[in-house]
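S.K.: This is what each chain is made of:
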Amino acid sequence: MRRAALIAVPYFWLLALFLVPFLIVMKISLSDGALAIPPYTPQLDIAEGWNGLKTFLSELDFENFVFLTTDDLYWKAYLSSFKIALISTSLALLIGYPIAYSMARAAPEWRPTLLMLIILPFWTSFLIRVYAWMGILANEGLLNQFLLWTGIISEPLTILNTNTAVYIGIVYTYLPFMILPIYSALEKMDDSLLEAAEDLGCSRTSAFWLVTIPLSKTGIIAGCFLVFIPTLGEFVIPSLLGGSQTLMIGKVLWEEFFNNRDWPVASAVAIILLLILIIPIILFQRNEQKQREMEG
Amino acid sequence: MKNLMLASATLALVAASAHANEVRVYNWSDYIDEALLEKFEADTGIKLIYDVFDSNELLETKMLAGGSGYDVVVPSGTFLQRQITAGAFQKLDMSKLPNIVNMWDVVSARTEQYDPDNAYSINYMWGTTGIGVNLGKVKEALGEDAPIDSLELILNPDNMAKLAECGVHMLDAPAEMIPMALKYIGENPDSQDPDVIAKAEPVLSAVRPYIQKFHSSEYINALANGDICVAIGWSGDILQARDRAAEADNGVEIAYHAAKEGAQMWFDQMAIPVDAPNPDAAHVFLNFIMDAQNMAAASNYVYYANGNEASKEFLVEDVIGDTAIYPDEATLNNLFTTSPYAPKVQRVVTRLWTKIKSGT
Chain A
1 MRRAALIAVP YFWLLALFLV PFLIVMKISL SDGALAIPPY TPQLDIAEGW NGLKTFLSEL
61 DFENFVFLTT DDLYWKAYLS SFKIALISTS LALLIGYPIA YSMARAAPEW RPTLLMLIIL
121 PFWTSFLIRV YAWMGILANE GLLNQFLLWT GIISEPLTIL NTNTAVYIGI VYTYLPFMIL
181 PIYSALEKMD DSLLEAAEDL GCSRTSAFWL VTIPLSKTGI IAGCFLVFIP TLGEFVIPSL
241 LGGSQTLMIG KVLWEEFFNN RDWPVASAVA IILLLILIIP IILFQRNEQK QREMEG
Chain B
297 MKNLMLASAT LALVAASAHA NEVRVYNWSD YIDEALLEKF EADTGIKLIY DVFDSNELLE
357 TKMLAGGSGY DVVVPSGTFL QRQITAGAFQ KLDMSKLPNI VNMWDVVSAR TEQYDPDNAY
417 SINYMWGTTG IGVNLGKVKE ALGEDAPIDS LELILNPDNM AKLAECGVHM LDAPAEMIPM
477 ALKYIGENPD SQDPDVIAKA EPVLSAVRPY IQKFHSSEYI NALANGDICV AIGWSGDILQ
537 ARDRAAEADN GVEIAYHAAK EGAQMWFDQM AIPVDAPNPD AAHVFLNFIM DAQNMAAASN
597 YVYYANGNEA SKEFLVEDVI GDTAIYPDEA TLNNLFTTSP YAPKVQRVVT RLWTKIKSGT
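If you read the protein sequences in the order shown, they are chains A and B. The numbering of the first sequence is the numbering used here, which starts it at 1 and goes up by one. The numbering of the second sequence is the numbering used here, which starts it at 297 and goes up by one.
None of these hints come from the bench; they were simulated from the model. It should be emphasised that the depicted structure is a prediction, and the values quoted were computed from it without experimental measurement. One should not assume that every hint holds.
[As the list claims (entries may be wrong)] With beta-carbon atoms standing in for the labels, derived distance ranges: (1) A/L157 - B/D576: 53 to 63 Å; (2) A/N51 - B/A415: 52 to 62 Å; (3) A/R111 - B/K651: 50 to 60 Å; (4) B/D576 - A/T164: 46 to 56 Å; (5) B/G341 - A/R111: 57 to 67 Å.
Don't be surprised by glycine CBs; every beta carbon is placed ideally from N, CA and C.
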């Protein structure tokens with residue numbers, strides 16, 4: 001009985017915050033746009049009972065999903081988002097791993113401070129931090145003024161409103177999500193394993209590749225998913241830091257919703273994005289589960 | 297779904313009765329003298345909650361979703377018309393708006409295109425869509441006789457190639473930019489025909505490589521700071537940039553012109569949502585805004601023309617005497633207005649805009 005009650009809590013959470021919204025969006029994606037409040041038909045009229053439900057269901061169709069295949073904009077946007085997410089995740093891994101590694105290697109009394117420094121930026125609103133990057137990267141911004149002052153460049157670099165700025169913004173924002181799981185995996189690692197490897201004739205470099213990396217694999221995978229998944233649907237960073245050539249599905253979704261006022265097509269775009277995301281999410285879950293089993 | 301909405305509507309009602317003496321206003325950003333907000337509270341004893349937005353699309357989505365909780369909102373002409381059709385607004389109760397006599401018939405006649413008989417809205421501000429330039433940088437790039445008052449400056453690729461270096465921003469608003477491009481090639485800017493609208497694409501795509509950003513509010517700061525040298529934007533916004541630059545005394549000199557070939561005229565209208573929690577207080581607010589001195593204070597602060605005839609005597613010379621704000625008769629006749637696109641045409645327009653912006 002108590003067990004059932006305990007399980008019910010996460011399931012209720014999932015039902016209320018995932019399944020119900022998903023079904024509402026799914027329903028809208030099968031509707032037609034209309035100039036009304038809310039801007040789509042049909043509406044379910046509960047007063048009409050069973051017959052009302054039947055007419056309601058008969059008016060739903062997959063038209064909007066078919067429409068998405070008629071214009072290559074959508075596929076290009078999904079692909080471009082995928083590419084940006086992939087590159088950002090790799091960059092975050094390349095930068096995040098050495099940071100996590102040196103944190104884990106630092107003297108134990110220093111670690112809480114270092115961990116604090118990683119978490120500290122979260123105390124400021126995400127939006128304000130992205131705006132700060134706009135100030136740093138602008139043509140007349142801090143970075144260009146500094147580089148001009150040092151004489152490294154003679155003309156200001158155009159970084160803001162390009163894809164470079166988007167990568168900088170994404171990697172900056174999601175870096176802690178990469179560092180923390182890797183750090184937690186590395187911190188648990190038993191140093192005697194490295195000593196054993198060296199005793200058995202391994203050089204320090206090959207010990208790193210043969211022992212440290214495989215043991216931090218779970219952290220790497222968790223970090224990569226935590227960066228990749230939100231980046232794929234990212235809207236705020238590309239719209240503030242990116243230029244108009246930055247094509248991402250989040251932006252296309254926004255345009256369907258706000259410019260075309262076509263909630264049904266916008267919902268169809270969102271459903272497909274969700275389906276694309278479900279695959280890495282399932283992989284992620286499986287990885288987590290495996291990790292738990294290994295520990296348990 | 298319907299039950300849910302009913303529940304939220306009931307909640308909104310409960311909330312409304314709990315704060316009966318409160319009015320929630322949703323207006324454009326940087327669009328009022330904040331002293332007026334305090335004056336309203338002092339004069340009427342009604343608590344004012346003032347929120348801002350920076351795109352018509354955002355407002356429209358809130359209106360169409362319903363239950364926005366706002367008592368007064370400020371959509372522009374074509375958006376207002378579409379939202380009236382969708383049933384988003386309530387008719388104004390003229391008996392509660394004695395100051396309506398202050399309104400200016402020249403503007404009222406034009407806003408009737410969007411709101412027949414002006415039954416649902418009052419004019420707040422109006423203006424033109426035009427060209428803002430950083431005089432120093434543009435003359436450096438194009439010489440002393442740069443065509444700063446002509447569409448040639450921004451739609452002729454030869455000029456734009458020279459301006460790209462110092463930075464050009466364009467409004468991220470197809471309903472403004474497509475009519476402008478159509479005007480440039482001599483087509484009807486208010487065309488609803490997808491074939492005619494398509495002709496705007498090559499014009500805009502030709503200058504696209506030289507545009508640094510499409511955005512509808514960032515250009516105010518960018519222009520004032522000297523980050524960019526040309527912005528295609530709304531009159532008052534560019535004039536605000538002009539004043540900020542003058543205040544900062546940073547050597548940036550900004551000028552605004554409505555294109556001499558003809559520029560789009562737009563109207564921001566105040567209206568009351570159909571589900572406004574406190575329509576009585578909303579009427580009090582509209583009446584307060586239509587007071588000649590209050591309206592003049594708003595215009596003197598934001599550098600936009602208003603639709604209030606009686607306010608003219610209280611306007612400072614900087615505003616009433618500036619033809620960039622109150623155009624002379626000849627320019628006024630040269631201004632055009634547009635009507636809303638039908639949903640199918642809107643889709644064509646948005647798609648065209650995406651193609652122009654991203655090349656896809």
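S.K.: Now, for every hint given, state plainly whether the structure supports it.
M.R.: Each hint tested on the structure:
1. A/L157 - B/D576: 53 to 63 Å: 56 Å, holds
2. A/N51 - B/A415: 52 to 62 Å: Violated - the Cβ-Cβ distance for A/N51 and B/A415, about 38 Å, lies outside 52 to 62 Å.
3. A/R111 - B/K651: 50 to 60 Å: For B/K651 against A/R111, whose Cβ atoms are near 52 Å apart, the range 50 to 60 Å holds.
4. B/D576 - A/T164: 46 to 56 Å: 54 Å, holds
5. B/G341 - A/R111: 57 to 67 Å: For B/G341 and A/R111 the Cβ distance comes to about 58 Å; the hint holds.
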